[in-house]
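Novice: Taken in order, these protein sequences are the chains called U and L. The first sequence begins at 122 in our numbering and counts up one residue at a time. The second sequence begins at 51 in our numbering and counts up one residue at a time.
What the hints contain is simulated information worked out from the structure, not anything from laboratory work. A few of these clues could be false.
Here are the simulated BS3-like cross-link-like pairs (lysine-lysine), alpha carbons at most 30 angstroms apart as the crow flies [what the hints assert, rightly or not]:
#1 Lys135/U with Lys130/L
#2 Lys201/L with Lys135/U
#3 Lys201/L with Lys386/U
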Amino acid sequence: MQPLDNDMDNLMRKAATDYPVKPQGADWQKLAQQLDASEPAVKNNGHGVLKKLLFFSPFILAGFVCDRFFIQGHGLLKKREWTENIKSNQDKANVSTVRNRSKTAGIIYINKKKTDPVNVLLQTKITGNTIVENNEFSTLDFPRVDIGISKSYVFPATYNSELTFGAEPKNFVPSGIAKKMQRINFAARDLIGKNSKTTKDNTIEKVYISFVGGPDFSRVKAQKMERAGYSIGILAGYNFTKKWTVESGLLWDRKAYFSKGKYFKTDKIYLPQHSEILQVTGYCAMFEIPVNLRYNLLRKNSKVLFASAGVSSYLMQKEDYNYVYRRYNVDYAGTKVYKRESKDWLSVANVSFGYEQRMGNKTKIRIEPYLKIPLKGVGIGSLPLQSTGILVGITHPIH
Amino acid sequence: MTDPQVIIKGCIANDRKCQKLLYERYYGYAFKIAFRYIYRYERVADVVNDGFVKLFRNISTFVSNAEGDAEPRLLGWIKKIVINTAIDELRKHNLMPEIGGIPESIWEEAGATNNADNLLLYKELICHVKRLPPSYGAVFNMYVIDGFSHKEIAEQLGISVGTSKSNLFKAKAYLQKTINKETQQAGICNL
Numbered sequence: 122m123q124p125l126d127n128d129m130d131n132l133m134r135k136a137a138t139d140y141p142v143k144p145q146g147a148d149w150q151k152l153a154q155q156l157d158a159s160e161p162a163v164k165n166n167g168h169g170v171l172k173k174l175l176f177f178s179p180f181i182l183a184g185f186v187c188d189r190f191f192i193q194g195h196g197l198l199k200k201r202e203w204t205e206n207i208k209s210n211q212d213k214a215n216v217s218t219v220r221n222r223s224k225t226a227g228i229i230y231i232n233k234k235k236t237d238p239v240n241v242l243l244q245t246k247i248t249g250n251t252i253v254e255n256n257e258f259s260t261l262d263f264p265r266v267d268i269g270i271s272k273s274y275v276f277p278a279t280y281n282s283e284l285t286f287g288a289e290p291k292n293f294v295p296s297g298i299a300k301k302m303q304r305i306n307f308a309a310r311d312l313i314g315k316n317s318k319t320t321k322d323n324t325i326e327k328v329y330i331s332f333v334g335g336p337d338f339s340r341v342k343a344q345k346m347e348r349a350g351y352s353i354g355i356l357a358g359y360n361f362t363k364k365w366t367v368e369s370g371l372l373w374d375r376k377a378y379f380s381k382g383k384y385f386k387t388d389k390i391y392l393p394q395h396s397e398i399l400q401v402t403g404y405c406a407m408f409e410i411p412v413n414l415r416y417n418l419l420r421k422n423s424k425v426l427f428a429s430a431g432v433s434s435y436l437m438q439k440e441d442y443n444y445v446y447r448r449y450n451v452d453y454a455g456t457k458v459y460k461r462e463s464k465d466w467l468s469v470a471n472v473s474f475g476y477e478q479r480m481g482n483k484t485k486i487r488i489e490p491y492l493k494i495p496l497k498g499v500g501i502g503s504l505p506l507q508s509t510g511i512l513v514g515i516t517h518p519i520h
Numbered sequence: 051m052t053d054p055q056v057i058i059k060g061c062i063a064n065d066r067k068c069q070k071l072l073y074e075r076y077y078g079y080a081f082k083i084a085f086r087y088i089y090r091y092e093r094v095a096d097v098v099n100d101g102f103v104k105l106f107r108n109i110s111t112f113v114s115n116a117e118g119d120a121e122p123r124l125l126g127w128i129k130k131i132v133i134n135t136a137i138d139e140l141r142k143h144n145l146m147p148e149i150g151g152i153p154e155s156i157w158e159e160a161g162a163t164n165n166a167d168n169l170l171l172y173k174e175l176i177c178h179v180k181r182l183p184p185s186y187g188a189v190f191n192m193y194v195i196d197g198f199s200h201k202e203i204a205e206q207l208g209i210s211v212g213t214s215k216s217n218l219f220k221a222k223a224y225l226q227k228t229i230n231k232e233t234q235q236a237g238i239c240n241l
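Whenever a hint applies, use it, and build me the whole structure from the sequences.
Specialist: Here it is as structure tokens:
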């Protein structure tokens, strides 16, 4: 007795589709009553556009922070020093705003609300135009006023005055007062440049620990995004120098992503014969071990702007897939959970920018938008997973 | 409103009109699936209706096909739900075999069409499958006709993979024997 063969199987499948039974018993009223008695279906809310905006929002935020920090960065520092220098001198007053718009030329606009004369300490050298004599400006009508010598000058400033700074003193300065000029130049450098007020905090902790967490948005090959996941964990860092730090740690990630079937490799899973995966939606939990090198781009007082790059490894703990596959021209949906099936070492490259600020004596707060770029496929389906998000955290020194 | 995509969207929005359309359109398809598993004809309608309740409750999880063809997806989804509901019904009764014949009144008349012989053949084959013991019949239906793996069948029926394979072999042997017997009898009659 031979068991049924493949031809018979095909015949059975055909019979199952076409056999002539009368489908009686349809009762929509009864079904509607059953549906009314149960909860209504949950409306599927699509926020496709919102999700796309959220995907790029960390970088928009980073750009905003950099813009605010940089554009007024050095200029901002100089502005504050300039303002502080002016305010610190009791003779100086009535300057409502001082804005430095150029790092090299050092042009400052002084807007004054009152008509009282303004004393301004000399801060710079001469670039040209008329040298002031007798403590009076003879160039009041000019947009540029040259200031040269040693002490404060009183000048009425009922309009915007422009103080022009140059890199070198002009040759027309009389040699008799050259020494004074040098002293002033030195003083000017002291005031404007590098050796001004020391930063409030120059000490660097060698070792620190950070508790971080934030939303995570993942996608495969620029396909649509699923709902947001999250990332939470601990990072530890070691500062080699003031600029360079190495960081590593352990993060717990939950990611959600969608992919068409063609990107999902099936060599590690079971699939019925003659089947083809059409799409998968993954909800996965994993441990992430990042190793990053961090560079402090800018450090000022208690604030730090940094960039970081490195690699991460994913240790999959649970992969929950909803998948759709096609077999003999009929589509089926299924669910499959894989536990601890995959360890993907050095599988993604990390790139991030961050901002850190001291909150108390030692504690700092950090905010770090990141991008993770796949170096190879991850998970049981070897999907090239790309992620972005923001990590917000608290840092505390250990040593 | 005939586009399945539109009907599905309406069902997701809990529109009763769309739900009714979907129900009426695919009731026959679901019935044929359930009838392969459930022996008694009068119980099949209840199983199908339970299946549709589950379908409408979970339709928000139905993912539309990005390539635009929703109907194959929907058919597969309906099939999966109806099979699960039928298996649940069988398990409720511990997969006990049922007795009694299958009344002729439930079959559509083949008429004098070219396809009449095929339809008769299909009817006979399905009757043979229905006469299998429920544990054999469920495995045969799920593996041969509906494309489940032995692992999935084992999880669904609460048996081991080995038992699933064994039941399939026995089902096929049983069917072969039955069909051969009928063929022989027909041969004798034709002499």
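Novice: Each hint: holds or not?
Specialist: For each hint, the structure was consulted:
For the hint pairing lysine 135/U with lysine 130/L, the CA-to-CA distance comes to about 18 angstroms; that is within 30 angstroms, so the pair holds. Proximity of lysine 201/L to lysine 135/U is assessed by CA-CA distance (about 24 angstroms); at most 30 angstroms being required, the pair is judged to hold. As the CA atoms of lysine 201/L and lysine 386/U are separated by approximately 20 angstroms, the hinted pair is consistent with the 30 angstroms bound.
In terms of the numbered hints stated before, the structure departs from none.
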